[in-house]
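K.L.:
So the sequences go chain by chain: F and U.
The first sequence maps to residues 1 to 158 in this note's numbering.
The second sequence maps to residues 1 to 205 in this note's numbering.
Quick caveat, the hints were computed from the structure, so don't treat them as lab data.
Model, not experiment: these values are computed from the prediction.
Glycine is no exception: its CB is placed at the ideal position from the N, C-alpha and C atoms.
Do not take every clue at face value.
Stretches of chain U that chain F covers, calculated by requiring three or more beta carbons in the stretch to come under 8 Å of a beta carbon on chain F [said to hold, decoys possible]:
#	region
1	38–47
2	101–111
3	116–122
4	196–203
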Amino acid sequence: MTEEKKFYLTKEGLERIKNEYKNLKELKLAKTKGESPKILHSEDLNPEYLAFQEDINFLDSRITELDNVIKNAVLIRFPRGEKQSVIDLGATIFVEVGGQADEFTLVGSLEANPSAGKISNESPVGRALMGHKAGEAVVVSSPVQTTYKIKKVKYSIS
Amino acid sequence: MKNELNFLIEVGKLKTMPRMGWVLRKINNPETIAAHTFRMTLMAWILCYQKKINVNKALKMSLIHDLCEVYAGDTTPFDNIPSGKRKREFFNEWPRLSKKEKEKFFLNKYKKENKALKKITSSLPKKLKKEIMGLWNEYENGSTQEGRFVRQLDRVENLLQAFEYWKEGKKFKIEPWWIQIEELVDDPLLLKFIKVLEKKINKKK
Numbered sequence: 001m002t003e004e005k006k007f008y009l010t011k012e013g014l015e016r017i018k019n020e021y022k023n024l025k026e027l028k029l030a031k032t033k034g035e036s037p038k039i040l041h042s043e044d045l046n047p048e049y050l051a052f053q054e055d056i057n058f059l060d061s062r063i064t065e066l067d068n069v070i071k072n073a074v075l076i077r078f079p080r081g082e083k084q085s086v087i088d089l090g091a092t093i094f095v096e097v098g099g100q101a102d103e104f105t106l107v108g109s110l111e112a113n114p115s116a117g118k119i120s121n122e123s124p125v126g127r128a129l130m131g132h133k134a135g136e137a138v139v140v141s142s143p144v145q146t147t148y149k150i151k152k153v154k155y156s157i158s
Numbered sequence: 001m002k003n004e005l006n007f008l009i010e011v012g013k014l015k016t017m018p019r020m021g022w023v024l025r026k027i028n029n030p031e032t033i034a035a036h037t038f039r040m041t042l043m044a045w046i047l048c049y050q051k052k053i054n055v056n057k058a059l060k061m062s063l064i065h066d067l068c069e070v071y072a073g074d075t076t077p078f079d080n081i082p083s084g085k086r087k088r089e090f091f092n093e094w095p096r097l098s099k100k101e102k103e104k105f106f107l108n109k110y111k112k113e114n115k116a117l118k119k120i121t122s123s124l125p126k127k128l129k130k131e132i133m134g135l136w137n138e139y140e141n142g143s144t145q146e147g148r149f150v151r152q153l154d155r156v157e158n159l160l161q162a163f164e165y166w167k168e169g170k171k172f173k174i175e176p177w178w179i180q181i182e183e184l185v186d187d188p189l190l191l192k193f194i195k196v197l198e199k200k201i202n203k204k205k
């Protein structure tokens, strides 16, 4: 149930995941410490047992997912010096698309939320913009060709 | 069972609530929110088996993802636009905003929908209520594999519906959907699905 790949995360994103992992481990321990419900109630399956198992399965699945993320996490570090003008993970990019100004931050897939201005580096637009600088124009082709005129590249903690 | 029945009566309203994006584009007899959910859930099922994710969870997530709209209504990306900017060729372009504007819009929408979902699930047993709220939060925040997949699937179903309405009468420009989908989707399976749709559209042109 896990994706075997590297997960690019901001410091805050990784902290959030580590906290959730720790909390879920503690919750599982608390749930399993006491006596668990019996499998049978008279001769029927005990509904409390089924609900208990469902909760444990849910916790196990999420703990495994988070464990995999933590093990394969790569922290996003801002580039220094001249490299600050090049688009990489963590960059906030100011663009002009079809005459309209737009602005978003390039993040890893786990933290992407385009509605809140965070675009995944694995999306077609994210991939196309990586490695480019202010002043350049990047064309993204789908059935329509869209030109992203890069106005400014900035690295800062949001 | 009275509470469960009341819940089902309330969510049944989604069967007659039209999707606002199509109403604004003056599509005749536009799909309802429930109709969108129906195909999206089928898509989740038939596409999920090709992925290493929890299908059961993804299906439930898809089923509940728009329940909040019973009370919160259907929000469109064009609601982002300050009224002063809503002038030229309203739907011919994908709305562009600053990061601050996007964050503000996202937060407001989240708060409104969270409140609405709490209201609609309030009569359900505690365990069910907790499950629905949890699934919706995973979907909204994309905090799990299933959440990220289903959130993107929502956009892909919308693209497919846009293609179908567009091919019927070409009453609106299809380009904004293609432009936005290249920013919204990063799931390899869904990108592959989009390529197949793209080929189909090119054949129809």
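K.L.:
The structure should be examined with respect to each hint, and the outcome stated for every one.
P.N.:
To see whether the hints hold, each was checked on the structure:
no.: 1; hint: 38–47; verdict: violated (count 0)
no.: 2; hint: 101–111; verdict: holds (count 6)
no.: 3; hint: 116–122; verdict: violated (count 0)
no.: 4; hint: 196–203; verdict: holds (count 3)
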